[in-house]
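Peer 1: Just so you know, we're using our numbering here: the sequence shown kicks off at 1071 and counts up by one.
If you're looking for bench data, these hints aren't it; they were derived computationally from the structure. Every residue gets a Cβ at the ideal spot worked out from N, C-alpha and C, and that includes glycine.
With a straight-line Cα cutoff of 20 angstroms, these simulated SDA-like cross-link-like pairs (lysine to any residue) come out:
1. Lys1276 / Val1201
2. Lys1220 / Val1201
3. Lys1220 / Glu1200
4. Lys1198 / Gly1269
5. Lys1162 / Trp1135
6. Lys1274 / Asn1133
7. Lys1274 / Gln1159
8. Lys1274 / Glu1165
9. Lys1198 / Ser1185
10. Lys1276 / Thr1212
11. Lys1276 / Asp1205
12. Lys1274 / Trp1215
13. Lys1220 / Trp1195
14. Lys1198 / His1214
15. Lys1220 / Leu1187
16. Lys1274 / Glu1200
17. Lys1276 / Glu1165
18. Lys1276 / Gly1134
19. Lys1276 / His1171
20. Lys1276 / Gln1161
21. Lys1276 / Trp1166
22. Lys1162 / Ala1136
23. Lys1276 / Leu1132
24. Lys1276 / Glu1199
25. Lys1162 / Pro1129
26. Lys1276 / Trp1135
27. Lys1276 / Val1216
28. Lys1220 / Val1264
29. Lys1274 / Gln1161
30. Lys1198 / Asp1240
31. Lys1276 / Arg1204
Taking CB as the label site, the calculated pair distances span:
32. Ala1149 / Gly1223: 25 to 31 angstroms
33. Leu1146 / Gln1123: 18 to 24 angstroms
34. Asn1145 / Ser1177: 17 to 23 angstroms
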Amino acid sequence: MSGSFEKANQETQHMKLLQFRIPLLLIALLGVQLISIAMLQQYSHVTVQPLSQPLERIPGELNGWAGQTAESDPNLLRAIDADELLNRQYQKEIEWPVSIHCATFNSLEHWCPHSPLECYPAAGWHVKEEVVVRDETAPQRTMHWVEFGKATGTVQVLYWFQRGEDVYYDREGARQSRQNIWGQQSCSPLVKVVLQTDGRAGSKGKENMLRFADSIRQWIATQGSSLATPRADVMTVHRSLIPDGILAETPSLTHRFVSPGKLVTVCFEMRRSPTTNGFGLWERDL
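Work out the full structure, taking the sequences as your base and the hints as a guide.
Peer 2: As structure tokens, then:
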């Protein structure tokens, strides 16, 4: 008899635990869904504004180097899904030439389009050495220096992706950049920049490309940083998920969204309905 009582007591306690665990799980699952939907809606309202000047306006002379622009192939422009393309080679006496490839993408669908880590190996090159280059004044801005080789020789490549003042080379950097434009009314386009010089240029070739990178990054930031404008209202939540709900002393899940000049907090609360005596989820602004 005592054993039956203990078993019944354990089952009762187990049911009580489930009564609270299941609603908590529902809070977490629904919270993640609502946050994902909200973020998607915010991105869908962002307008990408073209650079204030076309890429061909990048100075033809940089750091004492004279540039010669090559005609861009319209088929290549369509193939890489870019909106603008620039191919130019800079030359200077007693220096190995430095070529520049720039492309703009006026769509938020692109994160790291046609990365050299994909394109060069596809053309028969292999990675010999690689280094992440960080901006000394802003370490979060990163570029990627890579030496590629094959039977015919080696090349040095320095590349990055840039949106306004955001500079990155991989998907993690792209993710952070996208978070920075969340809640914006408009933003700058994504610009891909690839610099290349002969591998025989050695350390001097790397130094030359870094100097080019400083000038080009500044030019892109100047033409695009003024385009980003914040939205007046990032998010407003005013709806309940159960009828006739009242606030109960129950757990809540809170998520904060940060946008320039505004902090938005959304709270998902457990509430009990007096009509159904069941739990449900409510949302409210804090």
